[in-house]
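Trainee: Chains as they are written, first to last, in numbering that gives the first Met the number 0: chain P, 0 to 638; chain Y, 0 to 109.
Honestly, I wouldn't trust all of these hints.
[As the list claims (entries may be wrong)] For each label pair, taking beta carbons as the anchor points, the in silico distance ranges come out as:
| id | chain 1 | residue 1 | chain 2 | residue 2 | range |
| --- | --- | --- | --- | --- | --- |
| 1 | P | A509 | Y | P107 | 27 to 37 Å |
| 2 | P | H512 | Y | P107 | 30 to 40 Å |
| 3 | Y | T31 | P | G409 | 31 to 41 Å |
| 4 | P | V516 | Y | T31 | 16 to 26 Å |
| 5 | P | E457 | Y | T92 | 49 to 59 Å |
| 6 | P | P566 | Y | T31 | 12 to 22 Å |
| 7 | Y | R35 | P | H512 | 28 to 38 Å |
| 8 | Y | G30 | P | T622 | 28 to 38 Å |
| 9 | Y | A38 | P | V516 | 29 to 39 Å |
| 10 | Y | T92 | P | H355 | 55 to 65 Å |
| 11 | P | H614 | Y | R35 | 34 to 44 Å |
| 12 | P | V516 | Y | Q65 | 24 to 34 Å |
[To be verified] So, partial list: chain P residues that the calculated Cβ filter (under 10 Å) puts toward chain Y:
| id | residue |
| --- | --- |
| 13 | S523 |
| 14 | R526 |
| 15 | A555 |
| 16 | R604 |
Worth flagging that the hints you see were computed from the coordinates, not collected in a lab.
Backbone N, C-alpha and C fix where the C-beta goes; we use that ideal spot for every residue, glycine too.
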Amino acid sequence: MVQKTEQERLQVALDAAEMGTFVWSAREDRGEPDARMLELFALPSDGVLSLATALDSMIHPEDRQRYGTAVAAAFDPGGSRLLSQEIRVDRGDGSYRWVMVTARAYFEGDPPRPDRLVGVAADISRRREIEDALRESEARFRQVVEVTPQLIWVARPDGAVEMLNPSWSTLIGGTPHTADTDRALLGGAVHPGERDGFLAAWDGHRDPPAVFECEARLRHRDGGHHWYLIRVVPFQDDSGDLVRWFGVATDIDAQRRVGELALAEQTRARDEEHRIALELQRALLPARTVAPPGVSIAARYEAGSATLEVGGDWYDTFELRGGTVALTVGDVVGHGLAAATAMGKMRVAMGALAPHVPGPGTLLTHLDGFVAVNDEIPFATACYAVFDPATRELRHASAGHPPMLVVTAGGDARWLDDGRSAPITGRDFGSRPQASDTLEPGALLVLFSDGLVERRREPITTGLDRLRDATVALRHAPVGEVCDGLLTALGVAEHRNDDVVVLCLRVPPAPFHQTMVADRHGLSRLRHALSAWQRTLPGLDRNDDDLLITVNEACANAIEHAYREDPTGTIEIDVRYEPDGSYLATVRDHGTWRTPGEAGTSRGRGLPIIDTLSHDFERHSTTDGTLVRFRVPTREASR
Amino acid sequence: MTDPIADVTTSIHETGVHVRVTGELDMSNAGTVGDRIRAAGTSTPVDLDLSDIEFLDSSALHMLQQLSAAFDRDGGRLTVAVAPGSIVERLLTITHMDAYLNIRESQPGT
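Okay, chain Y solo, but in the shape it has when bound:
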C-alpha cells in the first residue's frame, strides 16, 4: 500500500543500503514507514536519508528510537542524514536524540 503523505525509496550500494524517506511522518504513517526501513535489514549498514522530510512528530521520533535500538541489537549500523536548519534537526535537538543517533549532515534534494 502506498502511503499518501510519505515515500520510501530503498537502493543497494557497495557501501550499504540507502533508504530515502520524503514527505511527512506523523502518527498516521510512522509505524508503517518504520517497518519498511526495518525491512532493509538491521544487521547491515543503512543510510537513512531524512533530508527531504517536510514534517515529523513525536510518533516518528519514537519510531526512530526503536529503529536505532534494533540496529544496536542486531549489529547493523544506522546513519541518519539530516538537513541543517530543518524541522528534523530541530526536533532531534530539543529531544536530545541527537546525542545517541549517528547523524550526518546532508542538503535537501541530494
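If we strip away everything but chain P, and leave its shape as in the complex, we get:
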C-alpha cells in the first residue's frame, strides 16, 4: 500500500517534469523505456532502445562519441557511477531535440561487473534554444560594446564595476578595477566643477532605482575635458529586484560648443540692445527734479538687470503756474528699445499737456487720445499729482497705477486709493476721475512703479506693506536718502524683475510761531515749545541746541532793551525749517531800544553768541519796533 503510494507520487513528479524513465541492461544492451522515453527517442510504442542503435543512428553524430564515452565512464566502478549528458536525438524527421539523460550505473557480483543503468531523460530543447539565443545576443552586445565610441560600463547593484568597454579604457583610461564603485569611477572622471552636483543628482536616482541622465564634462586621458551626456539605466528582474546598472556616456562636446557660440552671440546682441535702451532711457528721463521753495523732491530710476532688459518706467516733475508742482510716475508695458522710446513719448506728452489742463483727471483723459493715435504705446499705467505748497492740497489721479503713499512726520501711513481709473490703452474711457487730499506739514509723498513692490511668488499686498513699513522707518531722512533707503529696504538689487522708479516729495514742515509777553520768566516756556517743535522735524538725533541758544538770546535782548521789563510788551518768534536742514529765525518786538546794541549790560555776550552760531544776521528797526532775522545751520553744515 505504502509502496503504491510512493510510486504514484513519483509518477506525478515525472509527469510534471515531462520526464521519461528507463532501465537499460548492460549485458543485453536492451532498454526498458516507458512511454515518454519512447516518445523522446521517436520510437513506436513497441520499440526497443539499445545503446548500439542509439549511437549508430538516433543520436546526433557530433554527440555520439561523447555520449559513448560518458556511458563507459559511468560503468567504471572506481568512478562516480553517474551519467549526465545533454545530447541531440533525432526526432525521426531529420531534426533533433535536445535531451538530457541522467542515470546511475549499477553493478553485480564480485568483482563488480556492470549490470544496468537506471535513469531519466527530459526534453531540454526549449532551454537550449533560449541559451543559444542568449549566447548569441550576448555576443552581439559584446561586439557593439567593443566597437561603439560611447563609453559604457556595467555595475552590480552595490555599484561594484563589472565591465568597462574599450572606449572607456582608451579615452578615459582604467580597468574595472580602477575604482571600487561606479560612483568612484564617475566621480573621478567628472570635471570638478560639475562633480558635486552630478553625484548629488545621481544619488537621487539610486534608491529606488531610476533612469538617470545628466550632462557633465569627463576628463580624457590626454588631460582635456569633453562634454558628455551620461545616462544610467537600472536593469531589474521580473520581481523588480535590481540586477545591474548599465551606464552609457555619449560625447556631446561638439554640439555643446556650437550651442555655446550661438548663445554667446545672442547674449552679446541682447547686451548691446540693453545698453542702448538704457542710454536712451536715461536720456529720456529728466536730468533733475524741480526744487520749488520749501518743498524737497528726489527721484531714482533703476534699470532691470542685464538679463532682464530695460523697461518703460518714467518719472517727471514740473513747476506750474501759481507755485504748484506736478509729479508723475508711469510705466509703459514692454521691454527694450520699443518700451524706452514709448516711455519718452508719454513723458513728453504729459509735460506738454500739464500747463493746459485744469487737473490730473483731465490730463489722463487727454493721454487716452494721445495713445489712440500712437500705436507704439499699447498699454501704460500712470499716476499724476499736482501739489500746492501754499495750501498743502494734493490733487491726484491714477490710470491703473499702484497708489501713492503718504507718511506723516508722526509715522501714520495712508494709501491714496481714490481718483483711480483703468490703464491707458488708447480706448476712450470718457472723463477720468481725480481726487484731492491735504498733506500734513512734514509729510512724505511716495510715487513708485510696480517694480519696487513686485516679487515673484508673492502677493502684491506683501510688497505694498513692505514699502509702507520702510517709508515709515525712513520718514525723517532727507528725500534723496528716502529714495535710496527704499531701494535698499525693498531689495531692489537682489529681487529686481523689472525696472524701478521711486519719487519722494516732502511737504515743508509747519513753521514755528509763538507770541510771548516780555517777561524773563517766560523764556523757559518758549524754549520748551521750540524744542518740542524741533522734535517733529525730519532728521532724528540732531543736536539743535544752537537754535535754542540763539532765539533765547534774541528774545532776552528784546526783553531787556526794547521793553525794559515792560510786561505788556509782546515778542513774536517765527522759525522756519528749510529743506537744506537749516533754520530761518525771526524775532520781532514793538518796543523802542534805549541804546543800539547792549553795551555795558550783564548780557554783553548775547550778540556775539548769535553771531558765532548763525549767519545772514539782519536787524531792522522802525518806529514800530525791531526785527531780527538770522539763519542757524545744522551742526554738520556749519562745520
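Let chain P serve as the given structure and place chain Y on it in line with the hints.
Mentor: Positioned in the frame of chain P, the structure of chain Y alone reads:
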C-alpha cells in the same frame, strides 16, 4: 524762595564744598543762583558741578565770570565740572571762557 527752573544743592566734603546746579540757567535766575553759589564761600575750594545743566544763556556766563573773579580776589579756588558735548561746554568754548575757568570733565548724573 525756590527757583522754578533750577535747583542748587550744597554739600560739605573733606576736600571742600560741592555745589551742584541742575535745570536751566537764564536771565530769570542767573543772579539768584550766582548768589547761592557765592554763599558757599569764595575763599575756599568749591567744586561747581554743572554737568546736569539743561540750558544756560549769556546771563549765566556773565554770572560765572563774576564768580570766578570773586574766587580769584578772595583766595578760593573754583572748579567747574562740565559734561563733554553738553550745551555748557559748547558755550564756554565759543566764548573762549574755557581758557580761564578751571574746568574738569564730568559725566551727567554723577
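Trainee: Could you run down the list of hints and mark each one as holding or not?
Mentor: Against the structure, the hints come out as follows:
| no. | hint | verdict |
| --- | --- | --- |
| 1 | A509/P / P107/Y: 27 to 37 Å | holds (32 Å) |
| 2 | H512/P / P107/Y: 30 to 40 Å | holds (32 Å) |
| 3 | T31/Y / G409/P: 31 to 41 Å | holds (40 Å) |
| 4 | V516/P / T31/Y: 16 to 26 Å | holds (21 Å) |
| 5 | E457/P / T92/Y: 49 to 59 Å | holds (54 Å) |
| 6 | P566/P / T31/Y: 12 to 22 Å | holds (19 Å) |
| 7 | R35/Y / H512/P: 28 to 38 Å | holds (36 Å) |
| 8 | G30/Y / T622/P: 28 to 38 Å | holds (33 Å) |
| 9 | A38/Y / V516/P: 29 to 39 Å | holds (32 Å) |
| 10 | T92/Y / H355/P: 55 to 65 Å | holds (58 Å) |
| 11 | H614/P / R35/Y: 34 to 44 Å | holds (38 Å) |
| 12 | V516/P / Q65/Y: 24 to 34 Å | holds (29 Å) |
| 13 | S523 | holds (5 Å) |
| 14 | R526 | holds (6 Å) |
| 15 | A555 | holds (5 Å) |
| 16 | R604 | holds (4 Å) |
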